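**Q** Chain by chain, the residues run as shown.
Protein chains: 2
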Amino acid sequence: MSELKLIRKFRANPPTHPWITVGPGQDCAIVSWNARRDLAYKIDQVIEGTHFVLTGPGAARPFDVGWKAMAKACSDIAATGFWPVAATVAVNLRKGSKEALAMELYRGLTACCRKYKFGLAGGDLATSEQGLSVVVSLLGEGPRNSAWLRRGARAGDTLLVTGRLGASLHSRGHLRFSPRLPEAEKIRQIVPGAVHACIDITDGLSRDLHHLCQESGVGATLDSQLIPFSAAARKIARAGGRSELEQALGDGEDFELLLAVESRAAERLLRRWRGRVPLTRIGRIERKLDILIRTNGALQRLTNVGYEHR
Amino acid sequence: MSELKLIRKFRANPPTHPWITVGPGQDCAIVSWNARRDLAYKIDQVIEGTHFVLTGPGAARPFDVGWKAMAKACSDIAATGFWPVAATVAVNLRKGSKEALAMELYRGLTACCRKYKFGLAGGDLATSEQGLSVVVSLLGEGPRNSAWLRRGARAGDTLLVTGRLGASLHSRGHLRFSPRLPEAEKIRQIVPGAVHACIDITDGLSRDLHHLCQESGVGATLDSQLIPFSAAARKIARAGGRSELEQALGDGEDFELLLAVESRAAERLLRRWRGRVPLTRIGRIERKLDILIRTNGALQRLTNVGYEHR
Chain A
2 MSELKLIRKF RANPPTHPWI TVGPGQDCAI VSWNARRDLA YKIDQVIEGT
52 HFVLTGPGAA RPFDVGWKAM AKACSDIAAT GFWPVAATVA VNLRKGSKEA
102 LAMELYRGLT ACCRKYKFGL AGGDLATSEQ GLSVVVSLLG EGPRNSAWLR
152 RGARAGDTLL VTGRLGASLH SRGHLRFSPR LPEAEKIRQI VPGAVHACID
202 ITDGLSRDLH HLCQESGVGA TLDSQLIPFS AAARKIARAG GRSELEQALG
252 DGEDFELLLA VESRAAERLL RRWRGRVPLT RIGRIERKLD ILIRTNGALQ
302 RLTNVGYEHR
Chain B
2 MSELKLIRKF RANPPTHPWI TVGPGQDCAI VSWNARRDLA YKIDQVIEGT
52 HFVLTGPGAA RPFDVGWKAM AKACSDIAAT GFWPVAATVA VNLRKGSKEA
102 LAMELYRGLT ACCRKYKFGL AGGDLATSEQ GLSVVVSLLG EGPRNSAWLR
152 RGARAGDTLL VTGRLGASLH SRGHLRFSPR LPEAEKIRQI VPGAVHACID
202 ITDGLSRDLH HLCQESGVGA TLDSQLIPFS AAARKIARAG GRSELEQALG
252 DGEDFELLLA VESRAAERLL RRWRGRVPLT RIGRIERKLD ILIRTNGALQ
302 RLTNVGYEHR
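Residue numbers (my numbering), protein chains in the order written: chain A, 2 to 311; chain B, 2 to 311.
So that you can see chain A by itself, here it is in the shape it has in the complex:
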């Protein structure tokens, strides 16, 4: 059974409602609640054994599992340029779990709520023979018809990326990352209306750039020399592992934002950009559908490599 094939079938003809202005297939659904504001609506899950382990090498702390579950959903809200308001959480604990584990998990979930100033509105707790799973549903909000989507990038747009890419799975980066909510808000404030498309990088830069281009019906050129690499990726490359570029293109769970921004607004944005998290121009959107990468002056076709979600 192919997961992607199933998802395509599910998305073919979903039940809809006049208020759902953007349905399945984007980082968030958009529900147009009233004349002035829209909701971004997201569900996401982390499952023991698939997204984290609690024992053995690489074991995650329960706090980090809670943080990650909530922060992943926040990252999707950030990719719409909206801000979270209320979450609900469904937790399944393995029978016989210690209360301390549940409390640490809860602290991780709520630490993320408190940091980004939104509420935990409700939840459901179950205990079963199955492993730990945490499902987060998150509601964000923003001005009507202003949500950034994966579609909408135009030829000539500048491609920007927040933060630094690669190797997040080799550090605790994929667990304790900061969703780019404040950065998205800052971008929206500095260049309102100029972000034509956005996606959060969860499957590697290459795969997520392909998603964005496919949804927008455009191509892109990346400049490999401009891509900002994480310290962890540099360290792995120095130690003789995969190159920084391979890691940045292929590694999952960076949770940075990739944005297509109108080019003059992008210049203005980069000039005014301050703060700890870098914002970097890494390429541009092209009319031709190919996705290319410039390395040492030569242009190559970028394959859709990247982390394939199991």
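Warning: the hint list may mix true and false statements.
If several chains are the same, the list does not tell them apart, and a pair holds so long as it fits within one copy or across any two.
Unchecked claim - Derived lysine-lysine pairs resembling DSBU-like cross-links, with alpha carbons at most 35 Å apart:
1) K99 <-> K10
2) K187 <-> K99
3) K96 <-> K6
4) K118 <-> K6
5) K116 <-> K187
6) K187 <-> K118
If you are wondering where the hints come from, they were derived from the structure by calculation, not from laboratory data. Since the model is a prediction, treat every value here as computed from it, not as a measurement.
With chain A fixed as given, assemble chain B onto it according to the hints.
**A** The following block gives chain B in isolation, referenced to the frame of chain A:
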């Protein structure tokens, strides 16, 4: 580890947001989105091995699992008197599941959406070594400050119940039930503002009446002769099993609504009530905190028996 103790701890001091006007502990959270309308926001899960089995005796059809997952969340929205607008769903499939199972599950989920005319806005699909789990997040809406809650029942209110109670777990009733959305809407239309409190009966009439009374700071008297029993409960009683009354008081997953309604409005409502689903007066709310049941003329204290969610 006690689940109830954990839930109490989680609810002690949740992160909040000015728009969350009703937080954890009710059938739904209420988010006040604008000056005229409120959202009801719910998350709920069904887990293989805990809430259903897929193999062996009593095996559920995948369609029914999907229906139940969605209908359970609808039942909570119905208990607020609101109507669903958009759902998101997180599904975890056991590795090696057949595509047909996933498609049937999806058909069950979406059949419920279509029947009650709301949309499936998005979802998340994972595959893991763990069993099937389906988490539904649901958004409903209604007029500002009008959501029915578990609290608010007043001495003198009439206790009404929709449908017939008992033995749903012994039929397919607990899988293919109809959430009482149309009934709730009808009640709201006939006696606007007269429903002081409501809960959906998931843990048995006794336990859920205790919940409603506790939240409202009141007591109640039930009249056992008035309680409407399901055909399945009657059949079990006739076959020498537990009495209809025991089943109605103690059985879980009836998914009927228990309402405390201002007494004169309740009379008007009962007079005007039409349709296939009965609405029945079964008792009244009392100032004194005891919960009593009248059986053959004698009043007894009703213990908090009922289905304890594992």
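**Q** All the hints need checking, so say for each whether the structure fits it.
**A** Comparing the hints with the structure gives:
1. K99 <-> K10: Classified as between: cross-chain Cα gap 14 Å, same-chain 40 Å, threshold 35 Å.
2. K187 <-> K99: neither (41 Å within a copy, 46 Å between copies)
3. K96 <-> K6: Both, since 34 Å and 15 Å are each at most 35 Å.
4. K118 <-> K6: Between copies, since 26 Å is at most 35 Å while 38 Å is not.
5. K116 <-> K187: For K116 and K187, only the intra-copy Cα distance (17 Å) is at most 35 Å; the inter-copy one is 43 Å.
6. K187 <-> K118: Answer is within; shortest intra-copy Cα gap is 16 Å, inter-copy 38 Å.
Consistency note: the structure conflicts with earlier hint 2 alone.
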